[in-house]
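K.L.:
Based on the sequences and whatever the hints tell you, model everything.
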Amino acid sequence: MSTTRSSQAAKTNAQEQAARQARALWISVVIYLVTFIPYALIAILSGSMLLLSDVADYIKSFASYAVSLRILRNIREGQLHDFDYGAGKLERVGSLFGALCYIGTLVALAIYSFMRLLQPEPLDADFTFVGIVVQVLVFVVNGGLWIYYKRLATTSPSPLIDMEWRHKRNDALGAVAILIALGLALVFQDQPWAIYLDPACALAYSIFAIGLYVPVLLETLHDLLDRTLAEDVQIVIMRHLAKHFDGYEAFHGVRSRRAGNRLFIEIALGFDPTKTIGEAEITIESLRMGVETDIPNAEVSVVIKPLQQGGNAEDLTNPGSNDAQPPLIEAHI
5 MSTTRSSQAA KTNAQEQAAR QARALWISVV IYLVTFIPYA LIAILSGSML
55 LLSDVADYIK SFASYAVSLR ILRNIREGQL HDFDYGAGKL ERVGSLFGAL
105 CYIGTLVALA IYSFMRLLQP EPLDADFTFV GIVVQVLVFV VNGGLWIYYK
155 RLATTSPSPL IDMEWRHKRN DALGAVAILI ALGLALVFQD QPWAIYLDPA
205 CALAYSIFAI GLYVPVLLET LHDLLDRTLA EDVQIVIMRH LAKHFDGYEA
255 FHGVRSRRAG NRLFIEIALG FDPTKTIGEA EITIESLRMG VETDIPNAEV
305 SVVIKPLQQG GNAEDLTNPG SNDAQPPLIE AHI
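Residue 5 is where the sequence shown starts when you use our numbering, and the numbers rise one by one after that.
For the record, the hints were derived by calculation from the structure and aren't laboratory data. Beta carbons are placed, not taken as given, at the ideal position from N, Cα and C, and that holds for glycine. Among the hints, erroneous ones may be present.
[Stated by the list, open to error] When the alpha-carbon atoms are kept at most 20 Å apart in a straight line, the in silico EDC-like pairs for lysine to aspartate or glutamate are as follows:
(1) 154 / 20
(2) 64 / 20
(3) 247 / 194
(4) 279 / 250
(5) 279 / 253
(6) 154 / 128
(7) 247 / 236
(8) 247 / 298
(9) 247 / 289
(10) 247 / 276
(11) 279 / 289
[To be verified] Distance windows between CB atoms, simulated:
(12) 187 / 23: 38 to 44 Å
(13) 152 / 278: 54 to 60 Å
(14) 126 / 38: 38 to 44 Å
(15) 42 / 155: 25 to 31 Å
(16) 33 / 108: 17 to 23 Å
(17) 311 / 286: 52 to 58 Å
(18) 34 / 121: 32 to 38 Å
(19) 218 / 63: 16 to 22 Å
(20) 286 / 155: 19 to 25 Å
P.N.:
Below is the structure:
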């Protein structure tokens, strides 16, 4: 059946994208594992709060990568039954976890930097110079990964990859800021005010980075908590359902989820048992194409369910309901 083949093709495509994204994330994981201990030693021995900010970033990244790779593994293995309507919500949970870890470590760094402003300590010149050299390498590596993940996010959109390229962008720009601040601290180390430069810059960086990640956190929370379709989207769906009223016997509801700028919509319908599969497919394809044409970035699937499953138009405003039984047939793109 064409509908079964379409569904299987969509599943295979999602698994291939997950495998490609996992390979991309493993690049960062290997780099972080190799450089973590040497970088942490340099940061501690130099006494620089700016270098310690990267150590905090390492801790956040390890936790974030663990969740991200677990999510992508589940997608590849098709283990999504515990999550509402596909992989999008699962990805959003990972994105939320990563953003919370990062913001939490930045808040801790900001507090510690403020305390160092009250009780400043001089930097170790030799290890600070080593830290500057390392930051040059950090800028080159993260700049390359920034471009790589940005391109991957364009060809294979995902909240996890979207968060990763933003992370690498911040790391690359942060390396430049650290280079400038540490360079100034060494050049003017004999000046009485130079001792405040490192913790002040670390505090400013923490506040700046928190400001960049708060929108990601709010967007993720919105997508997880918003279980209803926007009113204009509901109107479009209802209009097309009315247009195809004679083509189906029962309406069992709508479920939706968001992943980035994409909106996935599942419409459950019941058909007259005397109709052939071909006749049902004509209605399904016409309804699907009509909704996708009128709703930007929407991907629509229509599932056929038994007529005895009660459903009404009120289900349209509760797309998160999980009461529906598994579909008999699925027309999916």
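K.L.:
If a hint holds in the structure, say so; if it doesn't, say that too.
P.N.:
Each hint, compared with the structure:
Simply put, residue 154 and residue 20 have alpha-carbon atoms about 18 Å apart, close enough for the 20 Å limit, and the pair holds. With a C-alpha separation of about 27 Å, the suggested pair residue 64 and residue 20 falls outside the 20 Å cut-off, and the hint is violated. Using a Cα cut-off of 20 Å, the hinted pair residue 247 and residue 194 is violated, with the two alpha carbons roughly 79 Å apart. Annotation: proposed proximity of residue 279 to residue 250 holds, straight-line Cα distance about 12 Å (limit 20 Å).
Proposed proximity of residue 279 and residue 253 is supported: the alpha carbons are some 11 Å apart, at most 20 Å. The straight-line distance between the Cα atoms of residue 154 and residue 128 is roughly 37 Å, outside the 20 Å bound, and the hint therefore fails. Of the supplied pair hints, the one linking residue 247 and residue 236 holds, its CA atoms being roughly 17 Å apart against a limit of 20 Å. Proposed proximity of residue 247 and residue 298 is supported: the alpha carbons are some 14 Å apart, at most 20 Å.
Proximity of residue 247 to residue 289 is assessed by CA-CA distance (about 13 Å); at most 20 Å being required, the pair is judged to hold. Between residue 247 and residue 276 the alpha-carbon distance is near 17 Å, which keeps this suggested pair within the 20 Å criterion. Proposed proximity of residue 279 and residue 289 is supported: the alpha carbons are some 15 Å apart, at most 20 Å. Look at residue 187 against residue 23: about 42 Å separates their beta carbons, and that is inside 38 to 44 Å.
For the hinted restraint 54 to 60 Å between residue 152 and residue 278, the CB-CB distance of approximately 55 Å keeps it satisfied. Distance hint check for residue 126 and residue 38: the Cβ-Cβ separation is about 30 Å, which falls outside the suggested range of 38 to 44 Å. Between residue 42 and residue 155 the beta carbon distance is about 29 Å. The supplied range of 25 to 31 Å therefore holds. Distance hint for residue 33 and residue 108: a CB-CB separation of about 20 Å, consistent with the stated range 17 to 23 Å.
Between residue 311 and residue 286, the C-beta spacing of about 19 Å breaks the proposed range 52 to 58 Å. Checked against the hint of 32 to 38 Å, the C-beta distance between residue 34 and residue 121 comes to roughly 36 Å, which is consistent with it. Checked against the given bound of 16 to 22 Å, the beta carbons of residue 218 and residue 63, roughly 20 Å apart, stay inside it. The hinted range of 19 to 25 Å is not satisfied by residue 286 and residue 155, whose Cβ atoms lie roughly 40 Å apart.
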